[in-house]
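Asker: Next come the chains, spelled out residue by residue.
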Amino acid sequence: MPEQKVVDTDYLLLEAPRERKFITGAQAMAEAIKRANVDMAIAYPITPQSEVMHLVGDLWAQGYLKDYYRAEEEYGAFSAISGAARGGVRVFTATSGPGLLRGLEAIASWPGHRIPAVLGVLTRVVNAPLSIQPDNIEISYLLNCGAVVLHAENQQDTFDFTLAAFAIAEQVDVYVPVAVATEGFFVTHAKGYVNMTPEDMKLPPRNPYKAPVPPTDNEIPPARIQRDAPVQKSNFMSYLIHAVWQQEVWASTTRAMKYIYKYLGGPIEVVNPDAEVFIVASGCAAAQSREAVRYAQLEGLNVGLVKVKAIRPFPEKEIRKVLKNAKGIVVPEHNIVGWLAREVKAAIPNNDRVVGGPRVYGGMTLPTELIMDEVYKILGVKKERKVLV
Amino acid sequence: MKVMPGPEGYMPKVAALEGVNLSSPGKGLLFGEEVDEEVAMREAARAMLTRPNPTIFPGPKILWGWSPNAFEEADAILELAKEIPNCRIIPMPDYRPKYPKIDPEAEINPNHPNLTILHNRIEACIFVGVHCHYANLSLRMIRAGTNCFTIAICGELGHEDAMVSLRDAHGEKIRKFKQIVIEEREKLGIQWEPKLPPPNPSLPKENMETISYADYGEYAFLLMPKKGEIVTDTE
Amino acid sequence: MGLEYVRITTGFEDYMPKDYVDLVKYGQFGKEYDIQDLGTFKELVEEHPMCAGCFMAYFIRVFYASLPNPEDSIVIGTAGCARLQLSQAAVPFIYGNYGDTNAVASGLKRALEIRFPDKNKDVIVVAGDGGLMDIGFGMTMHSWFRRERFTTIMVDNEVYGNTGGQESGMSPKGVQLKMAPKGKKFDKINAVELAKAAGCVYVARIAPTNPKRLAKTIKRAILAARHFGPTFIHAYTSCNIEYSIPTEKVLEDARNREKNDFAFYEWMSDEVKGFFEQVETKKKEAQEVK
Numbered sequence: 002m003p004e005q006k007v008v009d010t011d012y013l014l015l016e017a018p019r020e021r022k023f024i025t026g027a028q029a030m031a032e033a034i035k036r037a038n039v040d041m042a043i044a045y046p047i048t049p050q051s052e053v054m055h056l057v058g059d060l061w062a063q064g065y066l067k068d069y070y071r072a073e074e075e076y077g078a079f080s081a082i083s084g085a086a087r088g089g090v091r092v093f094t095a096t097s098g099p100g101l102l103r104g105l106e107a108i109a110s111w112p113g114h115r116i117p118a119v120l121g122v123l124t125r126v127v128n129a130p131l132s133i134q135p136d137n138i139e140i141s142y143l144l145n146c147g148a149v150v151l152h153a154e155n156q157q158d159t160f161d162f163t164l165a166a167f168a169i170a171e172q173v174d175v176y177v178p179v180a181v182a183t184e185g186f187f188v189t190h191a192k193g194y195v196n197m198t199p200e201d202m203k204l205p206p207r208n209p210y211k212a213p214v215p216p217t218d219n220e221i222p223p224a225r226i227q228r229d230a231p232v233q234k235s236n237f238m239s240y241l242i243h244a245v246w247q248q249e250v251w252a253s254t255t256r257a258m259k260y261i262y263k264y265l266g267g268p269i270e271v272v273n274p275d276a277e278v279f280i281v282a283s284g285c286a287a288a289q290s291r292e293a294v295r296y297a298q299l300e301g302l303n304v305g306l307v308k309v310k311a312i313r314p315f316p317e318k319e320i321r322k323v324l325k326n327a328k329g330i331v332v333p334e335h336n337i338v339g340w341l342a343r344e345v346k347a348a349i350p351n352n353d354r355v356v357g358g359p360r361v362y363g364g365m366t367l368p369t370e371l372i373m374d375e376v377y378k379i380l381g382v383k384k385e386r387k388v389l390v
Numbered sequence: 350m351k352v353m354p355g356p357e358g359y360m361p362k363v364a365a366l367e368g369v370n371l372s373s374p375g376k377g378l379l380f381g382e383e384v385d386e387e388v389a390m391r392e393a394a395r396a397m398l399t400r401p402n403p404t405i406f407p408g409p410k411i412l413w414g415w416s417p418n419a420f421e422e423a424d425a426i427l428e429l430a431k432e433i434p435n436c437r438i439i440p441m442p443d444y445r446p447k448y449p450k451i452d453p454e455a456e457i458n459p460n461h462p463n464l465t466i467l468h469n470r471i472e473a474c475i476f477v478g479v480h481c482h483y484a485n486l487s488l489r490m491i492r493a494g495t496n497c498f499t500i501a502i503c504g505e506l507g508h509e510d511a512m513v514s515l516r517d518a519h520g521e522k523i524r525k526f527k528q529i530v531i532e533e534r535e536k537l538g539i540q541w542e543p544k545l546p547p548p549n550p551s552l553p554k555e556n557m558e559t560i561s562y563a564d565y566g567e568y569a570f571l572l573m574p575k576k577g578e579i580v581t582d583t584e
Numbered sequence: 124m125g126l127e128y129v130r131i132t133t134g135f136e137d138y139m140p141k142d143y144v145d146l147v148k149y150g151q152f153g154k155e156y157d158i159q160d161l162g163t164f165k166e167l168v169e170e171h172p173m174c175a176g177c178f179m180a181y182f183i184r185v186f187y188a189s190l191p192n193p194e195d196s197i198v199i200g201t202a203g204c205a206r207l208q209l210s211q212a213a214v215p216f217i218y219g220n221y222g223d224t225n226a227v228a229s230g231l232k233r234a235l236e237i238r239f240p241d242k243n244k245d246v247i248v249v250a251g252d253g254g255l256m257d258i259g260f261g262m263t264m265h266s267w268f269r270r271e272r273f274t275t276i277m278v279d280n281e282v283y284g285n286t287g288g289q290e291s292g293m294s295p296k297g298v299q300l301k302m303a304p305k306g307k308k309f310d311k312i313n314a315v316e317l318a319k320a321a322g323c324v325y326v327a328r329i330a331p332t333n334p335k336r337l338a339k340t341i342k343r344a345i346l347a348a349r350h351f352g353p354t355f356i357h358a359y360t361s362c363n364i365e366y367s368i369p370t371e372k373v374l375e376d377a378r379n380r381e382k383n384d385f386a387f388y389e390w391m392s393d394e395v396k397g398f399f400e401q402v403e404t405k406k407k408e409a410q411e412v413k
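Just so you know, the sequences run in chain order X, B and Z.
So the first sequence is numbered by the numbering used here: it starts at 2 and just counts up by one.
So the second sequence is numbered by the numbering used here: it starts at 350 and just counts up by one.
So the third sequence is numbered by the numbering used here: it starts at 124 and just counts up by one.
FYI, nobody ran anything at the bench for these hints, they're computed from the structure.
Possibly wrong hints are sitting among the right ones.
To be verified - Here chain Z is said to cover these stretches of chain B; the calculated rule only asks that three of the stretch's residues, wherever they fall, bring their Cβ under 8 Å from a Cβ of chain Z: (1) 403-413; (2) 420-434; (3) 546-554.
What the hints assert, rightly or not - Below, a list of computed lysine-lysine pairs in the DSS-like style, where the Cα atoms sit at most 25 Å apart: (4) Z:K342 - Z:K407; (5) Z:K148 - B:K450; (6) Z:K165 - B:K576; (7) Z:K141 - Z:K154; (8) B:K525 - X:K211; (9) B:K351 - X:K318; (10) Z:K141 - B:K554; (11) X:K346 - X:K318; (12) X:K259 - X:K318; (13) B:K351 - X:K259; (14) X:K67 - Z:K242; (15) Z:K405 - Z:K339; (16) Z:K319 - Z:K396; (17) B:K554 - Z:K148; (18) Z:K372 - B:K576; (19) Z:K141 - B:K544; (20) Z:K165 - B:K554; (21) B:K431 - Z:K141; (22) Z:K335 - B:K576; (23) B:K544 - B:K525; (24) X:K211 - Z:K242; (25) B:K450 - Z:K165.
What the hints assert, rightly or not - Part of the chain X face toward chain Z, derived, beta carbon under 8 Å: (26) E73; (27) A81; (28) R87; (29) V90; (30) I221; (31) A224; (32) A230.
Since the model is a prediction, treat every value here as computed from it, not as a measurement.
Where a beta carbon is used, it is the ideal one built from N, C-alpha and C, also for glycine.
The shape of chain X in the complex, shown without the other chains (with noise of 0.2 Å):
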């Protein structure tokens, strides 16, 4: 293990000297925990998560981390991620599908219980029947935890969204967990190049008093309850105080939105702005909506795509912006319910004009041809289908 030198934040994510490796998503996501300066990690195994949090407890025998541990599953490992991240450390874990939902209670508690730690998702059909194979509908059961979601298209961005989460999460007005969602076996086990930052420089450590809750550690008043006040009993508290508590929360969600510009250029990404019709896809499909994009343009065709790179704080008033002139909007999904199309059709008017898909699921791949298709209805262009034997 090489000496790391603690750097600026600002300067680690937005100025420092990048190398170009060419490794997995899994990878990727390690590679920014080791420059994360994270104190502790929690692991319990779930295909296709499991290689993350190997290549995690490599870098805590290798000294990068100075806690680590395979906990009884997952609510107990985010319950201890809980209990943790309130004693001031800063920690890391991960899960995918079944895992995520196993664990739900503890992350939707997270935010109320202002627990700063990020979460790396690594999406995985949710049984039954049994698969393992990549589709992101546990995504939708993560939006409404009050948590900020962040959806990473490729290596890339799984680098960068996992370290810019401990910059967002431990934000003062921020203080909620931050999410980092990519696709199974897509990204995580898939190679693409990836440019990092020098692995002898971190991020500065945790300072758990900088914060809207005190740690509980002893060290900061109050000595009654700090911060996990039970509120329910109504003979000598009001019903709002629950009420303004789940306020503070998703304004907390809503104030990551400043940090998601600064550190990720924007919650959106946009190809093609004066286009006539408009992708709207994140993670995976937004790789593939990329490709969609090249095709149309090939084809003479004014296609854009709207990658969305932030789910929570939903960019409501970007996506408004942009698709304010699109006749159509193509939202391809990785997952049957198709939460990102019900997210853009809330978000806009005339919202007719979306199309919800194409959806892929259980493992399926997404094949460029079928979001063109919807491109090609949209704009009334008439293809022969040659059927090659």
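Following the hints, complete the assembly by docking chains B and Z onto the known chain X.
Answerer: Positioned in the frame of chain X, the structure of chains B and Z alone reads:
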């Protein structure tokens, strides 16, 4: 959204979700809009000088001596309190929902700050040394149910839900605010000799440490049951 | 730091509510009181919303009075009656989710060891039979398997009291409770033996009829956890409401149970035994010198 004194109604709006952003360094928020810090301070000073029953609510970060800064800021807050005519100090020593209930003259509690505000008819207040999460809860509940003008003196980034929000405020900035209070007070022609607010009404008026058993006279037996005596009657 | 965060800043002694001034002046911070002094000092927990005659309320009162270092202690609880009182004490309290106490405590204790390697910070779980032996069973057991260095205290009222009197794994066989309308079909879980088998270094079962012994047991469990590994106390804290025990019979009931299935039992590893012998010899020597 303009963040004005309430009562706003049953369910308060969340300034942060209504487009109000925290101020940039060196600036403050006045009614939800970014202004020069001094402008915000002057408005805050006038509120504390002209509205009924101005009160400072110091939180745990100032009340407890956990760091040298706490002592420094506690000093600054007492200096500020001296300069505000008829100011009171009502502390928020912790964040627990207190059983069975709070004494609204002795303390303020983030789970129902409106009780203290309404009981004491406080129409201008300063929150200082309260952790941001709890300050935000309180500020919103106060706006929902009272007409109190809220001022947040925050050591971190400030608070959208206060009428006046000052950020990065520690000893020095609190003293600057004190100077502005003095200036505004003189402008308003208010005569005032600096003096500390009255102590907490819950504290005993006499020194209990010097009270002896004999001071209880004929009621002494109530303190300690006699050997073998079983007390069955209670109040 | 510990003591510094429970002192009042200069000038603010006059503005704090009496309750807090008393805590600092006459409370337990930085002092060690004997349990028999109860009533002569300001206790960490006073007013609480527990039912009249609740034996758990009494247990928790003695528990707080027995903490060896309240200024460096963190208590973790979960759903159930106990947390109503725990959250009123002048010791940091964490309320997480259902049955997560021992997982939260694992993370917290490790974090504190990372940040304060030279300090003793006591982490103590106080949770009910439902929280530790039913919903949180896996996390309880695994925290012991992993030999996490904190204390687990089970306040066993043999029922889900706070949710309205349902059967728990710790209810005695045959008892008719809600969700067991025909009576409980299986035996009370043998938590003490489970704790021993799972690797606890100090295990005790106690019906809190004798405050002195109770205080000693609690202190021992906390000190052993500080230096050696997981410790466990199984305490009988009857629910006078769900088991219809008249208030004046609560202590009598505990004494009866003590005679039957709650006899005081204490087990510790040889290492812990050696440690306490050493501590007690030192104490005696110190007293003789005085």
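Asker: Would you mind marking each hint as holding or not holding in the structure?
Answerer: Each hint tested on the structure:
1. 403-413: holds (count 4)
2. 420-434: Result for this restraint: holds, n = 4.
3. 546-554: holds (count 6)
4. Z:K342 - Z:K407: Cα-Cα ~17 Å, so holds.
5. Z:K148 - B:K450: Roughly 23 Å between the alpha carbons, so the hint for Z:K148 and B:K450 holds.
6. Z:K165 - B:K576: This hinted pair holds, its Cα atoms lying about 24 Å apart.
7. Z:K141 - Z:K154: Measuring from Cα to Cα gives roughly 20 Å; hence the hint holds.
8. B:K525 - X:K211: holds (23 Å)
9. B:K351 - X:K318: Holds: B:K351 and X:K318 sit about 20 Å apart, inside 25 Å.
10. Z:K141 - B:K554: Holds - the C-alpha atoms of B:K554 and Z:K141 are around 11 Å apart, at most 25 Å.
11. X:K346 - X:K318: holds (13 Å)
12. X:K259 - X:K318: holds (13 Å)
13. B:K351 - X:K259: Holds - the C-alpha atoms of X:K259 and B:K351 are around 21 Å apart, at most 25 Å.
14. X:K67 - Z:K242: holds (17 Å)
15. Z:K405 - Z:K339: holds (16 Å)
16. Z:K319 - Z:K396: holds (15 Å)
17. B:K554 - Z:K148: holds (16 Å)
18. Z:K372 - B:K576: With Cα atoms ~22 Å apart, Z:K372 and B:K576 stay inside 25 Å; holds.
19. Z:K141 - B:K544: Status holds; Cα separation ~22 Å.
20. Z:K165 - B:K554: This hinted pair holds, its Cα atoms lying about 19 Å apart.
21. B:K431 - Z:K141: Satisfied, since the Cα-Cα distance of roughly 22 Å is no more than 25 Å.
22. Z:K335 - B:K576: holds (20 Å)
23. B:K544 - B:K525: holds (18 Å)
24. X:K211 - Z:K242: holds (22 Å)
25. B:K450 - Z:K165: Given that 25 Å is the threshold and the Cα spacing comes to 19 Å, the pair holds.
26. E73: holds (4 Å)
27. A81: holds (4 Å)
28. R87: Because about 6 Å separates X:R87 from the closest Cβ in chain Z, which is inside the 8 Å limit, the hint holds.
29. V90: holds (4 Å)
30. I221: With a closest approach of 6 Å, the X:I221 hint holds.
31. A224: holds (5 Å)
32. A230: Constraint on X:A230 satisfied, holds at 7 Å.
Every hint, counting from the list given before, is met by this structure.
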